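Top line first, the protein sequences correspond to chains A and B.
For the first sequence, this note's numbering assigns the number 1 to the initial residue and increments by one for each residue that follows.
For the second sequence, this note's numbering assigns the number 1 to the initial residue and increments by one for each residue that follows.
By construction, these hints were calculated from the structure, which means they are not laboratory data.
Hints may be right or wrong, so weigh each one.
[Claimed, not checked] Taking lysine to aspartate or glutamate and the EDC-like style, the derived pairs with C-alpha atoms no more than 16 Å apart in a straight line are: (1) LYS300/B - GLU232/A; (2) LYS302/B - ASP483/A; (3) LYS569/A - GLU62/B.
These numbers come from a predicted model, not from an experiment.
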Amino acid sequence: MSKHDTHADHHHEELPFWRKYIFSVDHKVIGVQYTITALVFLMFGFALMMIMRWQLAYPGQPIPFIGKYLGDTIALDGILSGDGYNAFGAMHGTIMVFLAIVPLGVGGFGNYVLPLQIGAPDMAFPRLNMASYWIYLPGGIIMLASFFMPGGAANSGWTSYAPLSVIATTGQTMWLLGMVFLITSSLLGSVNFIVTAVQLRAKGLSFFRLPFFVWAQLVTSFLLLLAFPPLEAAAVLQLMDRVAGTSFFMPTGLVVSGVEQAHLSGGGSPLLWQHLFWFLAHPEVYVLILPALGIISEIIATNTRKPLWGYKSLVYSAIFLGFMSFIVWAHHMFMTGMGTTLSTFFQATTMIISVPSVIILTCLIISLYGASIRFTVPMLFALSFLPMFAIGGLTGLPLGLTASDIHLHDTYYVIGHFHYVVAPGTIFAVFAGIYHWFPKVTGRMMNSTLGRLHWFFSFIFINGVFMPMLFQGMAGILRRQYDQSEQLHGASAQGLSVMVSWSAWLLFVAQIPFIINFFWSIWKGQKVGANPWEATTLEWAAPSPPPHGNFDTVPVVYCGPYEYSVPGKKTDFCPQHVVA
Amino acid sequence: MQAPMHYGRWLPPLLSEHGSQIDHLIDVLHVFMGVLFVGWGIFFLYCLTKYRQRPGHTARYEPVKGTVSKYAEIGVGAFEAFLLVGLSMPVWSAYKNDPPAPAERFEVRVVAEQFQWNFHYPGKDGKFGPTRADLISASNPVGLVETDPAASDDIVSVNEFHLPVGRDIYVRLTTKDVIHSFAIPTMRVKQDAIPGMEIPIWFKVKEDAKSEAIRERMTQVFPMRKANWYRLRHHIATQDYKDKDGQVLLARGQDLGATYEAGQELLEKLEKAGVTELSMQPRNPLEVICAQLCGNSHFKMKAQMVTHDDAGFAAWVEEKSKVIEFDDF
C-alpha cells in the first residue's frame, strides 16, 4: 500500500474526471472545492440576513417578492414570523461561522496556499484532506436540510443555550448532528495542516523563513485541534439531552408553559453548556481572524515592495494570541452572575489578549512606512481591512471590561463589534486573497476595473451596515429582537435599521461585479505567468496553475519570505528559491 | 420643571445611582478609542499618500528604526491596565460585592418565564411566602403556597414592576423555564436569570426619578415629517389634535393606534388637517426587558417599571393588598 502511495506521488497519469475534480486528493482541487462551497454558503447566509433585515427595517410588513414563497412556518402571509426570524438568525450565525468563514480561511486558502508556500507537493495526508472536505459538505447539507424539519431549522441562536435549545423543535437535533460533522471535518483538517507545516517544508525553509500566512495557519490549526473537541463532546451531550432523556444541561424544577418538566430535567447545569460552548467559540474568533491576518500580511508585503515590519513580532504575537485565546472565554458570560474573582481574571486576560492584536495591527501599519505602495485590487481590500479591523478590535474594549459590559452586553454594540472583526475584517481579507491568488489558481488575472468597483461599493456599504449598529447598541437595542420597535428605547433608534437594511441590500448589489468578474476571468481573464505580482514566496515559483505535484523542480529556499527592494539588486524582489 | 430627557441614538437616560460610573467608563473608553483610531488613521493616510508607488520612488529595505511604536504600544497597554484596575474593577466590585444590608433593603423576587416577568413582593409583613413548582398555574404564576401565613399578604404582579425611589432595591432573580436576562436600560442593570439558580442583584433608583416626573420630562415635539408609527408607537399625545371641523383626531392621552397601518393612516389625517408637529410623551417611560433570547416572543417580553415615592408606593401596596388576587386568563 505504501509502495503504491509513493509511486502515485511521483507519477501523475491522467485521472478520470471524478478522481480529478470530485473525489480528488490534490490539495489544490480540495482548496478550490472548499472555496466555492464556502462562497455559496456565504451567499446563502447573507441571503438569510437580507430577509431578516426587511423585518428589522419594516417590522410586521410583508416581505416583497419572496415573502410568499417562504412557507407558512417561516412567513405567514409573507410576514416573517418570530420563529422564522429566530431560525434565520441562528442559521445565519452558524452558516457564516462554521460553513463559510472557517472553510474559506482554513479549508480554502489554507489548503491551496500552505503546501505551495512551504514548497511541498501536497498535504501530508492527502486522503485525510479529501475526507475532511467530504465530511464538511454533508455537515452543511444537514444544516440546510434542517429548514425542512417540522418547526423549521434550529432557532435558539448560533450559541444554542440550554434549556431553550433542549426544548426546541427538531431542527435543533439536526443542528447538533451537523455540528458533529463540521467539527470532525475541522479536526481532521487541523491535524493535517500541523503535520504538513512541520514536516513537509522545503529544504532551507526554517521556521523563521516561513511566510506569516503559514504561521497564521499553523496557530489556527492548533486552536481548532484543541478547542473543537470540547464542543464536539458538548454537542453530543446536548443531543443526548434531546433524544435520550439525559439531563446534562437541564436543571431541577423546570416549569415550561405552566407544565413541570421533571421527566426531562434534573440535576444538570445550563451554565455548563455555556462554558463548553465558549471554550470553543472564543478561540474560534481567532480561527476566523488569524488566516485573514495571514492573507493580509502576504498582500501587504507584496504590494508595499518591502519586508514586513517586525516579522518576528508578528509571529510571536500570533502564537501568544493563540495561547491567550484559550483563557478568555468567560468574558462572553459576564452577565451570568459571575463573582468578582472570576470576572477579574477573565477581564484581565481579555485586556492582555488585546496587546498582541495591537502589535499585529501596528506592525502591518508601520510596514507601509517607507514603502512603494501599489494600489492593486487585493491591496485595496487589504488596506481597507486595517482600519475596519481596528474598529472591530477597539470596540471590543468596552465589552471586555465588566462594568461597561453591563450596559452593552447583548446589544447591537456586540453585533457591530464582532462583525467589524469578521465581516469588514475577514471577508475583506477573503476577497483580497481571492484577487491575489486567482492568477495562481487559474493562470488568469481578474479584471481590475470590476475589482475596483466591487471594492469601492463594498467598502461604503459594509460600513453603512455595521457603523449604525454601534449607535443602536449604545441606545440599548438588544440583539435577536424580531421587532426592535416593540420596546420604548428600541423604537427611538429603530430608524437606523432602515439605513442598515438598505446598506445590506446595496452591499449585495455591490457583489455583482465580483460574481461577473469571477466567472468571466476564469475563461476570459488576461493570461499571466507564474509570478504576475513579482512576489517572493514559494507559491509563485510554481507554474500557474500548478500541476498535480505542484513544482517542476523541488524548490530549495535561500532567504526569508519578504526580500523586497534589497539594495543593489536588479529587480525589487528576491524570490525565496533563488540564490541571493 | 426639570431638564428634558429622552431615548435617542446614544446612551439611554440614566436614572440609577450606580449607573454614572458605568457611563463614565463608557465615555472614557470611547475617547481613548477615538484618540487611538484617529492617531492610527492619520499615520495610515500619511503613508498611503507619501509612499504610493510612482516613478523615481523606491521602497526602503531597511526597517524603520524608532521607538515611537514601542512607546505607543506600551502606552496603550498601560492605559488598558489603568482602565482595568482603575475604572472597571472598582465599579464592578462595588456593584457586585457590597449588597445593601438586609435591614435596609427592599426585596423583590423576580421570576421570569416565557414571555413575562413575575414580581413577587413580601407584602406588609416583609416575609416572602414559600413557593412550590407544582403549584404554578396561570393564576398563581410563582407557585405561591397560599395557605402559608407568610404568603397571605404577598403581592404578585405580572409585567408591572412597582418600586420606591431612593431605596436599595434588592432583586432575587430566577426563572421557571429557559434563560432570560433582566435588563433595565435606564438603570444600567442587566443580569441573566438562570433556571435552578437564584441570583441577587441590587440598585437604587435616583430620588427624582418618579415615573410621573420622568414621563413629563420625556415630552417631545416631533415635526410631522419625523413622525412615524414605529418611532411613536409607545407614545401618547399631550394635547388634543383636531381636524378643521373641530373633530378630535388624536385626543390627549391617546396613542397613534395598535398597528402600523392604523398609525400611518392617522398620521396622514393629521397632516391633512394641517398639524405640523406632535407633542407626545411615552405612555410608560421605564421598561424592564429581556436581554437573552428566550423563544419566539422574546422581543415582546417586557414589564412596565413604575417608580413611586414612599407614600405613593405605600398606597400601591395598600391597594394591591385590598383586592383578592384573581387574574383574568
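We went through each hint and held it up to the structure:
1. LYS300/B - GLU232/A: Violated, at about 34 Å.
2. LYS302/B - ASP483/A: At roughly 13 Å apart (the allowed maximum being 16 Å), ASP483/A and LYS302/B satisfy the hint.
3. LYS569/A - GLU62/B: Within the cut-off at roughly 14 Å; holds.
Violated hint for the displayed structure: number 1, the only one.
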